[in-house]
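If you read the sequences in order, they're chains P and B.
Here the working numbering is used: the first residue of the first sequence is 8, the next is one more, and so on.
Here the working numbering is used: the first residue of the second sequence is 34, the next is one more, and so on.
It should be emphasised that the hints constitute simulated quantities derived from the structure, not laboratory data.
Derived DMTMM-like pairs (lysine to aspartate or glutamate); straight-line CA-CA distance at most 25 Å:
1) K261(P) with D191(B)
2) K261(P) with E228(P)
3) K214(B) with D191(B)
4) K205(B) with D238(P)
5) K205(B) with E296(P)
6) K205(B) with D184(B)
7) K261(P) with D184(B)
8) K205(B) with E231(P)
9) K144(B) with E296(P)
10) K261(P) with E125(B)
11) K144(B) with D288(P)
Quick list of the computed label-pair ranges, beta carbon to beta carbon:
12) A49(B) with R195(P): 53 to 61 Å
13) E195(B) with Q146(P): 58 to 66 Å
14) A298(P) with D258(B): 19 to 27 Å
15) K17(P) with L66(B): 30 to 38 Å
16) D18(P) with E40(B): 26 to 34 Å
17) C260(P) with T225(B): 32 to 40 Å
18) F252(B) with P257(P): 25 to 33 Å
19) L249(B) with G227(P): 34 to 42 Å
20) D238(P) with M118(B): 32 to 40 Å
21) M8(P) with R87(B): 24 to 32 Å
22) R87(B) with E228(P): 38 to 46 Å
23) R195(P) with F252(B): 35 to 43 Å
24) E40(B) with K17(P): 26 to 34 Å
25) A298(P) with L221(B): 33 to 41 Å
Think of the CB as a built atom: it goes at the ideal place given N, C-alpha and C, for glycine as much as any other residue.
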Amino acid sequence: MCGIVGLFLKDASLQPELGSMLTQMLVTMTDRGPDSAGIAIYGTEVPGQARLTVQSDNAQHDFETLAADLSRALDTPVTGRVNGSHAVLSLSRDYSGAARDMIRALRPDIRIMSDGDVIEIYKETGLPEDVATRLSLAQMGGTHGVGHTRMATESAVTTEGAHPFSTGADQCLVHNGSLSNHNALRRRLTREGIRIGSMNDTEVGAAYLTWRMREGAMLGEALESSLADLDGFFTFVVGTKDGFGVVRDPIACKPAVMAETEQYVAFGSEYRALVSLPGIDTARVWEPEPATVYFWNH
Amino acid sequence: MQQYDLETDGLRGLNAALQAQAAEPEHTAWEVLNPRGSHAIAVGLNAPLDVTVRGPAGYYCGGMNQQANVRVQGSAGPGVAENMMSGRVIVEGDASQYAGATGHGGLLVIKGNASSRCGISMKGIDIVVHGNIGHMSAFMAQGGSLVVCGDAGDALGDSIYEARLFVRGSVKSLGTDCVEKEMRPEHLDLLTGLLERAESDAKPEEFRRYGSARKLYNFDVDHADEY
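Using the sequences plus the hints, can you model the full thing?
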């Protein structure tokens, strides 16, 4: 089944509440996906700075001197903020590519969850409520975010298999459904130089969009072409640095409901996920049409 | 009027109380508060009850209904009035996928729009949608009537058997073996009654009728591409 939630704030005064609103939505979707949970949250940009979210099963050991080691190796200031099994590293944008490679060399066991100017991704196996509590998701603020509760079908119940997936700077994708041509596409995208880290079908969907955008497509165009090139069932919710998009396959058997007010655009796999949002009783609520791309930008 | 607050008293208690009325209804009027999109509200009823749900319902509201009138004052999630046998379910907002699926009887009224697969495999239920319906509606429909006051999506009535489809607006495309048919006086009479019972003021003569071409009833190699 899987559950997806997403929230794109139009009203900046709600930004400190983003994490708590998303957490409530995510926890409501537990019975659609109790295997793992994850969230991508878009924060405030610090000019010239990039951030990398990393995760480790041995966080205490791996993170202790990570920022200092990285700083020394790259010869640039790096700061680190540890949050449970995750840490967010901040450094000059010019060094973010080199930092990815250096992290692999310095700490081979560390997973890079996301990189970009504003995105942070947190995901773990376990019940959504436990994951949210361990990572203090409710305390996070930001401009927009997506969340996912997973019922594993296409690959193992692991942190790598949890959503969201990020295969490009500030990009992320969450998915309800299953793609049937992901193995062939994975081979093709790997040949194109897109890095795919897991055997999960959704990561291939994310990588496909990254590849299309690398080739010059706008996100909306990339989503349009996914309708032709991806086989299977999908409801996708995607995030970019300043945008939030939704698309469903032409059969559209995976559920989706959206709500829009003056303050926000919200997405849920079920209406239940949206009931605690402010002003939901008077919001415009609708079901996104099949094979139709919806997109909002800041 | 019995009031039941789903937030404090839970779903199982509600359905148990409503189903317990089947032997001999003690209370016929019920009001369900704080549904908040909960699933399976007022399912499996078998008594002439009036149940009003004050707000949006989740999956399968009013499923398997017999005799009862269930009114949702909000939207309904997937599978509203699924497999209804008799009685009436009215949704005052929109309904999600497969509304009225496999229903054998009774009347389902959706005052807003219905989503995809409305009336899929309907077997005798009457469905009246005041707004639009989505793709693959009335797929493999076997009996009953589907009335759409707005527009219908792709592949209406795909592989239809004997249900009657009436659409006032446009039809994006007809499914395999579904064709437009002549609107005869008996169909206008039927439609008049259905619209009246569904609290719709649409005019029967504005509708077009669709139904089965009956070419797929028996295997015919000339139709192999269409199966």
